[in-house]
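Number of protein chains: 2
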Amino acid sequence: MSRLRAAAALDVEGALKQVEAAIAQAVDCQEPLLRQMVAELVRAGGKRMRPRIALLAFDACGGGEADLDKVVDAAAAFELIHTASLVHDDIIDQSPLRRGRPTVHVSYGTPHAIVAGDFLFTQGFALSGRLPKEVIRVTAEACVRLAEGEVMEQRLLAEEVDEESYLTIIAKKTAEPIRACAMTGALLAGAPKEVVEALGHYGLEIGIAFQIADDVLDIAGNPAETGKAVGQDAKTGVLTLPVGLNEAGTDPGWDAKTFRSMARQTDPEELRRLLQETGAIDKARGVAQKYSDRAKARLAVLPPGPSKDALVALADSVVKRRS
Amino acid sequence: MSRLRAAAALDVEGALKQVEAAIAQAVDCQEPLLRQMVAELVRAGGKRMRPRIALLAFDACGGGEADLDKVVDAAAAFELIHTASLVHDDIIDQSPLRRGRPTVHVSYGTPHAIVAGDFLFTQGFALSGRLPKEVIRVTAEACVRLAEGEVMEQRLLAEEVDEESYLTIIAKKTAEPIRACAMTGALLAGAPKEVVEALGHYGLEIGIAFQIADDVLDIAGNPAETGKAVGQDAKTGVLTLPVGLNEAGTDPGWDAKTFRSMARQTDPEELRRLLQETGAIDKARGVAQKYSDRAKARLAVLPPGPSKDALVALADSVVKRRS
Numbered sequence: 002m003s004r005l006r007a008a009a010a011l012d013v014e015g016a017l018k019q020v021e022a023a024i025a026q027a028v029d030c031q032e033p034l035l036r037q038m039v040a041e042l043v044r045a046g047g048k049r050m051r052p053r054i055a056l057l058a059f060d061a062c063g064g065g066e067a068d069l070d071k072v073v074d075a076a077a078a079f080e081l082i083h084t085a086s087l088v089h090d091d092i093i094d095q096s097p098l099r100r101g102r103p104t105v106h107v108s109y110g111t112p113h114a115i116v117a118g119d120f121l122f123t124q125g126f127a128l129s130g131r132l133p134k135e136v137i138r139v140t141a142e143a144c145v146r147l148a149e150g151e152v153m154e155q156r157l158l159a160e161e162v163d164e165e166s167y168l169t170i171i172a173k174k175t176a177e178p179i180r181a182c183a184m185t186g187a188l189l190a191g192a193p194k195e196v197v198e199a200l201g202h203y204g205l206e207i208g209i210a211f212q213i214a215d216d217v218l219d220i221a222g223n224p225a226e227t228g229k230a231v232g233q234d235a236k237t238g239v240l241t242l243p244v245g246l247n248e249a250g251t252d253p254g255w256d257a258k259t260f261r262s263m264a265r266q267t268d269p270e271e272l273r274r275l276l277q278e279t280g281a282i283d284k285a286r287g288v289a290q291k292y293s294d295r296a297k298a299r300l301a302v303l304p305p306g307p308s309k310d311a312l313v314a315l316a317d318s319v320v321k322r323r324s
Numbered sequence: 002m003s004r005l006r007a008a009a010a011l012d013v014e015g016a017l018k019q020v021e022a023a024i025a026q027a028v029d030c031q032e033p034l035l036r037q038m039v040a041e042l043v044r045a046g047g048k049r050m051r052p053r054i055a056l057l058a059f060d061a062c063g064g065g066e067a068d069l070d071k072v073v074d075a076a077a078a079f080e081l082i083h084t085a086s087l088v089h090d091d092i093i094d095q096s097p098l099r100r101g102r103p104t105v106h107v108s109y110g111t112p113h114a115i116v117a118g119d120f121l122f123t124q125g126f127a128l129s130g131r132l133p134k135e136v137i138r139v140t141a142e143a144c145v146r147l148a149e150g151e152v153m154e155q156r157l158l159a160e161e162v163d164e165e166s167y168l169t170i171i172a173k174k175t176a177e178p179i180r181a182c183a184m185t186g187a188l189l190a191g192a193p194k195e196v197v198e199a200l201g202h203y204g205l206e207i208g209i210a211f212q213i214a215d216d217v218l219d220i221a222g223n224p225a226e227t228g229k230a231v232g233q234d235a236k237t238g239v240l241t242l243p244v245g246l247n248e249a250g251t252d253p254g255w256d257a258k259t260f261r262s263m264a265r266q267t268d269p270e271e272l273r274r275l276l277q278e279t280g281a282i283d284k285a286r287g288v289a290q291k292y293s294d295r296a297k298a299r300l301a302v303l304p305p306g307p308s309k310d311a312l313v314a315l316a317d318s319v320v321k322r323r324s
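Same order as they appear, the protein sequences are chains E and S.
Just so we're aligned, residue 2 is where the first sequence starts under our numbering, counting upward by one.
Just so we're aligned, residue 2 is where the second sequence starts under our numbering, counting upward by one.
You may find that some hints are simply not true.
Identical copies go unnamed one by one, so any copy, or any two together, can satisfy a pair.
[Claimed, not checked] The calculated DSS-like cross-link candidates involving lysine-lysine, where the alpha carbons are at most 30 Å apart (straight line), are:
(1) K134 - K229
(2) K134 - K291
(3) K194 - K134
(4) K18 - K229
(5) K71 - K134
(6) K291 - K194
(7) K134 - K18
To be clear, the hints were calculated from the coordinates, so they are not data collected in a lab.
Input sequences plus hints: build the corresponding full structure.
Set out below in structure tokens:
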């Protein structure tokens, strides 16, 4: 039976090509400079994790050929909205590099980067606007959480950040949109409410695991593999889990605020050495693993099959990635 | 008959209160600082021209009570998207004042202002996402034109701008969204295609007239009435119709580029005097009047009634306004 299902299953790589085509079509426009900016962004690619999750969730929930166009549009919409948020995020964080290339605001200036992000948001919503109301609602809800997470992060730059606030921020900024992708795949497959909810939890939890892993890479990653400058978060004062979990942070003589201020001024290599020695990086990896394990457990509601296996593998890969 | 119709007509002021309630509900969120920023923006108000046009077009096309909730949602969506674009526009143009108050990026910093704009875009699209697909399409199309207009304007800052480019930019940036409002009102009233198109032209043309009048106010307006600093466009190098139509601009010895560079460095009072003397301001007012007249002529497709009269009055008021 597992073999039969495998034979009938969705060609995920083929569907991802359809997603690329939908994205390319969505970003076409009448203004040459805008077209050039967004074409470079789209060509630069990325992991396409969000489209993959939407497609896998759709297939794992038994979505049929008749609704494939819808999940392709939804997957493209999520990727467009994600790219929009990265462009604006890079302005906010003053990041010089993304995927190994200069960020849009560095290449084209902040005014153009703001508009390029707005355009990608618009095109994402335009695609999602063709979908059922419930999908539009889930998408918009995720975008609201995203904006809340951005403001909360900036607001807490000036204050103490504890583990709970950190987790709330990354849930809103990273995990809620991934939750929306997984739920949308299940919704478009016509899955029952409890399955949609379980896929939503899966998305939320791998999203949290993914972001912790990302924050670990910010300190312990290899720039040649990540395509990003090292220690960017520490430099801009964003307190992440690996930094916050430092032993020193619990020492009343050297509190988290002092540590953050130190982290901002310390050479990235020195910071990495310090956090490795105190075991902070391993501890953060452990928290990511916990969320990845929880995510996998949510998939118990699904029947066996290649897309379920791929969702399990994805939950493993987010904590093991090097880029 | 006109009287009967008047008695049955839409209570526009009452419907505008419903629009305010829909906006207030849409901008509620979990992040206190974000809630505060957008509440201030919404409270600061504005002309609410876009909601008014959507409601009047709906009523003038015979829209009924059953679809009132839809046009209220659409009107709120347009106002939210408009406010979002103003917040981002003020960052791009580095405007210090809007509606007599410090702009969001001045009060809260650029990072928060970017996110506040994204949040308002999201909530606008979320509201519009509840509406018929055709309305979503028209809304998204207008937002794409808006982004194109922004980039085109910035791109042409470094080049010659002729009257045609200026009109294309203001059509995209200001008039296309107003066109979408008028079309949406007609669409939700179930008007036939040619009426929807005529209302679209009306919106486009009063939008162009409105923007020319706005650009005249930038130079010749009273800051106590406009709530904006004088000569802001000239200072940032944006070449508008009143500046471009200066006699000097047609003198080969003093081309538009030279004039623009001069305008950027000249004291606002001196610039106003110069443009009044050469008749440039009166000429720009004449162009605005031409578009206003064209817009009014489009309304011939509508039956007589108070909302049609109000649309005519609106086309008159956009060229006569002082703020």
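Evaluated hints:
1. K134 - K229: neither (38 Å within a copy, 40 Å between copies)
2. K134 - K291: Neither. Shortest intra-copy (34 Å) and inter-copy (42 Å) distances fail the 30 Å Cα cut-off.
3. K194 - K134: both (16 Å within a copy, 25 Å between copies)
4. K18 - K229: within (26 Å within a copy, 49 Å between copies)
5. K71 - K134: both (12 Å within a copy, 14 Å between copies)
6. K291 - K194: within (25 Å within a copy, 57 Å between copies)
7. K134 - K18: Close inside one copy (26 Å) and across copies (26 Å); limit 30 Å.
The structure fails to meet hints 1, 2 from the earlier list, while all remaining hints are met.
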